[in-house]
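Peer 1: Read off the chains here:
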Amino acid sequence: MRNENITFGEAVNVFVDGTPLQAHRGQTIAAALYASGRRILRRTRVNGKPRGLYCAMGICFDCVVKVDGETERACMRQVEDGMQVTLLDPLTKPEPKA
Amino acid sequence: MSFARETDVAVIGAGPAGLSAALAAAQAGARVTVIDEYPQAGGQFYKQLAGGFRVIDRARLPGDYTKGDTLLARVRGAGIEILNEALVWGSFEPGVLSVRHRRATGTIRFRNTVVATGAYERAAAFPGWDLPGVMTPGGAQTLVKSQQVLPGKRIVLAGSGPFLLPVAATLIGAGANITAIYEATTPLEWAKHAPRLWGHWARMNEAVRYRGTIAKAGVPIRFGRIVVRAEGAESLERVVLMACDKRGRAVPGTEHIEEADTLCAGYGFVPAVQLTRMMGCAHSYESGKGGWVPTHSDDMETSVIGVFVAGEVAGIGGAHAAMAEGTLAGLMAAQRLGHTVADADVSAARRNRSRHRTFARLVADVFALKPDIDEIITDETLVCRCEEVSAGAIRAAALSWGANVNFIKGVTRCGMGYCQGRVCGSLVETLTARTLGVPAGAVDSFHVRAPLKPVTVKELAAFHPPIPDIQHLKDIHGPHHP
Chain H
1 MRNENITFGE
11 AVNVFVDGTP
21 LQAHRGQTIA
31 AALYASGRRI
41 LRRTRVNGKP
51 RGLYCAMGIC
61 FDCVVKVDGE
71 TERACMRQVE
81 DGMQVTLLDP
91 LTKPEPKA
Chain G
1 MSFARETDVA
11 VIGAGPAGLS
21 AALAAAQAGA
31 RVTVIDEYPQ
41 AGGQFYKQLA
51 GGFRVIDRAR
61 LPGDYTKGDT
71 LLARVRGAGI
81 EILNEALVWG
91 SFEPGVLSVR
101 HRRATGTIRF
111 RNTVVATGAY
121 ERAAAFPGWD
131 LPGVMTPGGA
141 QTLVKSQQVL
151 PGKRIVLAGS
161 GPFLLPVAAT
171 LIGAGANITA
181 IYEATTPLEW
191 AKHAPRLWGH
201 WARMNEAVRY
211 RGTIAKAGVP
221 IRFGRIVVRA
231 EGAESLERVV
241 LMACDKRGRA
251 VPGTEHIEEA
261 DTLCAGYGFV
271 PAVQLTRMMG
281 CAHSYESGKG
291 GWVPTHSDDM
301 ETSVIGVFVA
311 GEVAGIGGAH
321 AAMAEGTLAG
331 LMAAQRLGHT
341 VADADVSAAR
351 RNRSRHRTFA
361 RLVADVFALK
371 PDIDEIITDE
381 TLVCRCEEVS
391 AGAIRAAALS
401 WGANVNFIKG
411 VTRCGMGYCQ
421 GRVCGSLVET
431 LTARTLGVPA
441 GAVDSFHVRA
451 PLKPVTVKEL
461 AAFHPPIPDI
471 QHLKDIHGPH
481 HP
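Quick mapping for you: the protein sequence lines, in order, are chains H and G. Okay, so the first sequence: first residue is 1 according to my numbering, each after it adds one. Okay, so the second sequence: first residue is 1 according to my numbering, each after it adds one.
Worth double-checking, as some hints may not be accurate.
Think about it this way: if two alpha-carbon atoms lie no more than 20 Å apart in a straight line, the pair counts; the simulated SDA-like pairs of lysine to any residue are [to be verified]:
{"id": "1", "chain 1": "H", "residue 1": "Lys49", "chain 2": "G", "residue 2": "Ala104"}
{"id": "2", "chain 1": "G", "residue 1": "Lys458", "chain 2": "G", "residue 2": "Ala104"}
{"id": "3", "chain 1": "H", "residue 1": "Lys49", "chain 2": "G", "residue 2": "Tyr418"}
{"id": "4", "chain 1": "G", "residue 1": "Lys453", "chain 2": "H", "residue 2": "Lys49"}
{"id": "5", "chain 1": "H", "residue 1": "Lys66", "chain 2": "H", "residue 2": "Thr7"}
Partial list, derived from the structure: chain H residues whose beta carbon lies under 8 Å from chain G [stated by the list, open to error]:
{"id": "6", "residue": "Phe15"}
{"id": "7", "residue": "Arg25"}
{"id": "8", "residue": "Thr28"}
{"id": "9", "residue": "Lys49"}
{"id": "10", "residue": "Tyr54"}
{"id": "11", "residue": "Cys55"}
{"id": "12", "residue": "Phe61"}
{"id": "13", "residue": "Val64"}
{"id": "14", "residue": "Asp89"}
{"id": "15", "residue": "Leu91"}
Bear in mind the hints are in silico, worked out from the structure with no lab data behind them. Built from N, CA and C at the ideal position, the CB exists for glycine as well.
Just chain H, same shape as in the assembly (with noise of 0.2 Å):
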């Protein structure tokens, strides 16, 4: 979505499993991310089942990544230049080392 009178801020690189993602400055990594259209943010620990955004306001804990090596919600970390982010895939990667 796109409102006229409302503009983005500066762009900022991150990157996303090693892959750069164009994103602006004030966006949360999880916004980033459901803007470029990716919806399975993780999987899980027990039964490897995707995982999106569920509350998006910090108390599920559902969109967690790594982010330099440090657990975070993805709905409250806003994107940084540079940044490095790990999507959680237990079953197909280990966890990155902080």
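Since the structure of chain H is provided, determine the placement of chain G on it from the hints.
Peer 2: Leaving out everything else, chain G in the frame of chain H:
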């Protein structure tokens, strides 16, 4: 990095209740510190555009962006300290909060506090509610209002309660394609409450405005229908709905399917009482207020002296009740510190609080959760999303362990994950009560544990709590205290 701050009145939460409390206390002369988890004050009701976005002409923004402007401007002009991106993760002794502010951890010592931590959405659970694309109505609204991102291309709204209407209006205003809104209750079921609407014209006018926006967009509202399943391979593809009777039971033969990539489903709100629990405030179960709430005096003071509550944490009541209670709590907290407050201000706040709480009770009665609504939760349905615990496991544990949800937690791991039971807590309470055939209030709720909100080990390691006064401890506990 570590800090040790002090203030007269610590207000926790910068939504309508917290901001109103801060303003009232500051105007009475108290030194006020507001602690809020988000990058910008306003809470969920006055959700702001994220920093980084620029508005060309603020006057052309939809009304729901600008309605908090006046309150926020008054707060900014009142000399109130606001800590953004600050969360209270514990309270281990009276008058002291353990706080993480950005990357630093420390303490804030206060004389009185107003807890205005708000609420979060009551999860609507059904098979498939963990699929990507299924989210809460408030989540969709936040994504649009704060981030300018639509949650999907074809959206279904479902659940119960007045909140579905503003969410629909926000999404429509952003150009979203909503196929329909499904409300579990029906106007026929509301009819008996109609006389109580008398006098609440402003609230009714709001509803009429939202209904107008929804009708103009051609979005149908279908009553007496519930989601029974969400389906899709890797993310949501279909929503299966059925008609339900007045007890919330699905009516056989009424199944129909909506193709959609997004489903926003919610059953209203649950008060966020983790902090008042940790502070030792007494709580009682009031279904009309959303479940367990801290008991409080007419002045909004809890059972712990100097700890006041305001807004949704004191019982779901909407933003107007929250502002009235915030003002009242702020005035009383300041008065307790010796500041003079005008009797007229106190009685006006009391009057407002009563009027808005009366309306909130009406809304709670009209949209009361139908008693058998959990029958769509099959044993295979996930209940604890974090630890991946199914309804069947919780029902079995309830039969073995009885109405103690903390035993059930220990046995099944439900509520032990990252969200600390915030999402599944109300579900586990309901399932347990229903399995055992006891009233909801007869079931305990999850105990709270620090940290209430995430804090890293690195930050904790840099945190130096005050060294205990050994002589003082010996005076209290006797000479043999270690």
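Peer 1: It remains to establish, for every hint, whether it holds in the given structure.
Peer 2: How the hints compare with the structure:
Restraint check for Lys49(H) and Ala104(G): not satisfied, since their Cα atoms lie roughly 35 Å apart, outside the 20 Å limit. Among the hinted pairs, Lys458(G) with Ala104(G) is consistent with the structure: their alpha-carbon atoms are about 10 Å apart, no more than 20 Å. Among the hinted pairs, Lys49(H) with Tyr418(G) is consistent with the structure: their alpha-carbon atoms are about 17 Å apart, no more than 20 Å. Of the supplied pair hints, the one linking Lys453(G) and Lys49(H) is violated, its CA atoms being roughly 25 Å apart against a limit of 20 Å.
Between the alpha carbons of Lys66(H) and Thr7(H) the distance comes to roughly 28 Å, so the proposed pair goes past 20 Å and is violated. A cut of 8 Å between beta carbons decides the hint on Phe15(H): the least distance to chain G is about 19 Å, and the hint is violated. Of the supplied interface hints, the one on Arg25(H) holds, with its beta-carbon coming within about 4 Å of a beta-carbon of chain G, less than 8 Å. Hint status for Thr28(H) relative to chain G: holds, with the closest Cβ pair at about 6 Å, below 8 Å.
Restraint check, Lys49(H) versus chain G: the minimum CB separation of about 6 Å is within 8 Å; hint holds. For Tyr54(H), the interface hint holds, since its Cβ comes within 8 Å of a Cβ in chain G; the closest pair sits about 5 Å apart. Taken as an interface hint, Cys55(H) checks out: its beta carbon lies about 5 Å from the nearest beta carbon of chain G, inside 8 Å. The criterion of a C-beta within 8 Å of any C-beta in chain G is met by Phe61(H), whose closest approach is roughly 4 Å, and the hint holds.
A least Cβ separation of about 7 Å between Val64(H) and chain G falls short of the 8 Å threshold, and the interface hint therefore holds. Nearest Cβ of chain G to the Cβ of Asp89(H): about 13 Å, over the 8 Å cut. The hint is violated. Interface hint status for Leu91(H): violated, as the beta-carbon distance to the closest one in chain G is roughly 13 Å, over 8 Å.
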